Amino acid sequence: MNEENFTPKITGDRIKAYLEEGKRFDGRTPDQFREIKIEKDISKKAEGSVRVKLGKSEVLVGVKMKVVEPYADSPDEGVLMTTADLLPISSERFESGPPKFPAIELGRVIDRGLRESGFIDFKKLCIKEGEKVWNIFVDIYSLNEDGNLLDAGMLGAIIALKSARIPHYDIEEDKIDYEKEATEKIPLSEPPISITVHKLGDNFLVDPTREEEDVSDARITFGISGEIISSVQKGESGSIDLEKMKEAIDLAEKVSKNVRKEIEKYLD
Amino acid sequence: MSDKQRKVVVPGEVIFEGEEYLPGEGTEKKDNKIISLKYGLAEESNNLVKVIALSGVYEPRRGNVVIGTVELLTFNGWVINIGTAQNGFLSLVEVPRYVNKDGLEEVMDIKDMVVAKITSSNKRGIDLTIKGRGLGKIEEGIVFDVNSHKVPRIIGKEGSMIKLIKEETGCNITVGQNGKILVKGDKIENEILAREAIEFITEKSFVSGLTDEVAKWFKERKK
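Chains U and A are the protein sequences, given in the same order.
Take the first sequence: its letter number 242 is residue 241 in numbering that gives the first Met the number 0, and every next letter is one higher.
Take the second sequence: its letter number 70 is residue 69 in numbering that gives the first Met the number 0, and every next letter is one higher.
Hints in this document: simulated from the structure, not taken from any laboratory.
Source: prediction; values computed, not measured.
We put the CB at the ideal spot given by N, CA and C, even for glycine.
Treat the hints with care, as some may be off.
Dumping the calculated DSSO-like pairs for lysine-lysine here, alpha-carbon to alpha-carbon at most 27 Å [as the list claims (entries may be wrong)]:
| # | chain 1 | residue 1 | chain 2 | residue 2 |
| --- | --- | --- | --- | --- |
| 1 | A | Lys218 | U | Lys22 |
| 2 | A | Lys215 | U | Lys55 |
| 3 | A | Lys100 | U | Lys8 |
| 4 | A | Lys218 | A | Lys203 |
| 5 | A | Lys49 | A | Lys122 |
| 6 | U | Lys36 | A | Lys203 |
| 7 | U | Lys55 | U | Lys253 |
| 8 | U | Lys22 | A | Lys165 |
| 9 | U | Lys15 | A | Lys165 |
| 10 | U | Lys122 | U | Lys63 |
| 11 | A | Lys165 | U | Lys8 |
| 12 | A | Lys136 | U | Lys15 |
Examples of chain A residues lying across from chain U (beta carbon under 8 Å, computed) [to be verified]:
| # | residue |
| --- | --- |
| 13 | Thr68 |
| 14 | Lys110 |
| 15 | Gly140 |
| 16 | Val142 |
| 17 | Phe143 |
| 18 | Ile187 |
Construct all of the structure, not just a fragment, from the sequences and the given hints.
In structure tokens form, the structure reads like this:
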């Protein structure tokens with residue numbers, strides 16, 4: 000990563016001082032998300048695809064499916080693989096080459112959020128026990144980075160999975176027939192919404208811009224499905240004490256309800 | 000092509016052909032052809048052809064005021080990143096106060112930001128000074144980046160644009176030629192307003208009569 004483009008410390012001090020008054024540079028309140036824009040089915044070849052815009056942040060999520068042999072410890076369950084790529088086109092901070100820490104973390108946190116919430120019914124993705132199961136690939140690409148790719152990626156992942164159709168699989172010939180129309184949906188339940196709460200100084204905020212993300216002391220990502228927090232991931236070096244943690248959980252719960260309301264219409 | 004007409008050119012494009020033309024900044028002459036070396040606006044006056052770049056990195060020049068970040072402390076000065084390929088160097092001698100050689104960090108430490116002037120820029124490096132009005136360490140304010148090629152538009156003709164923003168927001172604004180801008184006011188709201196105005200200018204930099212547009216923008220914002 001290129002250090003010189005990072006938000007200067009003095010700008011960070013201003014952001015924190017302003018947040019102390021409960022205000023942010025772009026006029027939002029600390030618990031407010033940027034405008035969410037969603038475009039479905041943008042790829043013809045993918046089983047499901049979506050483009051999510053969160054303010055200036057933009058991600059592309061695609062779902063592809065393949066028939067594979069199951070893992071030995073779960074012979075009757077489908078397989079989920081989530082990968083994230085931070086493309087150089089999205090920010091001057093990203094470079095091509097093997098994925099670095101932020102890209103790996105992004106993929107894995109979203110993978111955990113999807114997996115632990117029980118969103119996907121893996122048992123129903125089994126074709127023949129011990130031999131053939133469906134493998135779901137969720138690929139996340141950043142198109143533009145302005146903070147909070149995590150929550151944008153998660154929104155993209157759940158909507159892409161919801162809109163995906165399982166292609167027709169011919170058991171005898173052992174191959175996927177793309178000629179036949181795919182109608183069957185992936186067996187899904189309550190979708191997890193991820194809310195990343197950032198701590199700046201003594202205050203919390205959600206959906207940071209790049210500047211805010213740069214000066215964040217600590218962050219926690221909550222995967223919330225319905226009333227249940229199914230996954231938690233802490234990032235950055237700062238600490239959060241118990242009282243503050245409760246505050247963060249309350250904030251995440253409140254925000255997740257608002258976000259769910261906004262994306263509800265895309266979830267059918 | 001008269002003085003006022005400008006043409007968008009790309010690297011490798013032949014701008015003029017003929018013996019009489021001379022290559023200026025951002026161009027080269029090959030077989031009596033003037034070829035652009037940059038993406039930008041081509042201009043011709045008195046047969047001298049030059050290209051004003053529209054993108055690319057900042058090129059340091061003597062006399063430019065820039066804003067940089069302290070990257071390293073050495074035994075006789077500070078290494079300062081001003082967003083160029085080469086780092087700038089601020090020598091102890093160029094600081095208008097007594098500095099204890101064992102305590103450089105008391106004056107400026109790593110990650111501190113500074114407004115400095117380029118005294119020389121050559122192959123050996125970029126030398127900086129903070130002797131002068133308005134130069135020195137930045138204590139507070141908002142620092143942000145813009146495209147360094149838009150800096151002339153932000154300043155405006157004889158500083159008309161920057162004067163307008165200063166009057167409307169009551170902020171102190173320092174524009175670094177390297178595209179880093181420092182805004183300092185008594186209220187954070189005013190600083191944000193000044194920043195938004197500057198971002199508005201960089202977006203609309205191609206519009207003619209931009210100063211009036213900005214004045215209009217301020218009026219609408221203040222409603």
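Results of checking the hints against the structure:
no.	hint	verdict
1	A:Lys218 / U:Lys22	holds, 23 Å
2	A:Lys215 / U:Lys55	holds, 26 Å
3	A:Lys100 / U:Lys8	holds, 25 Å
4	A:Lys218 / A:Lys203	holds, 17 Å
5	A:Lys49 / A:Lys122	holds, 23 Å
6	U:Lys36 / A:Lys203	holds, 25 Å
7	U:Lys55 / U:Lys253	holds, 23 Å
8	U:Lys22 / A:Lys165	holds, 23 Å
9	U:Lys15 / A:Lys165	holds, 24 Å
10	U:Lys122 / U:Lys63	holds, 18 Å
11	A:Lys165 / U:Lys8	holds, 24 Å
12	A:Lys136 / U:Lys15	holds, 21 Å
13	Thr68	holds, 7 Å
14	Lys110	holds, 6 Å
15	Gly140	holds, 6 Å
16	Val142	holds, 5 Å
17	Phe143	holds, 7 Å
18	Ile187	holds, 5 Å
Of the numbered hints stated above, none is contradicted by the structure.
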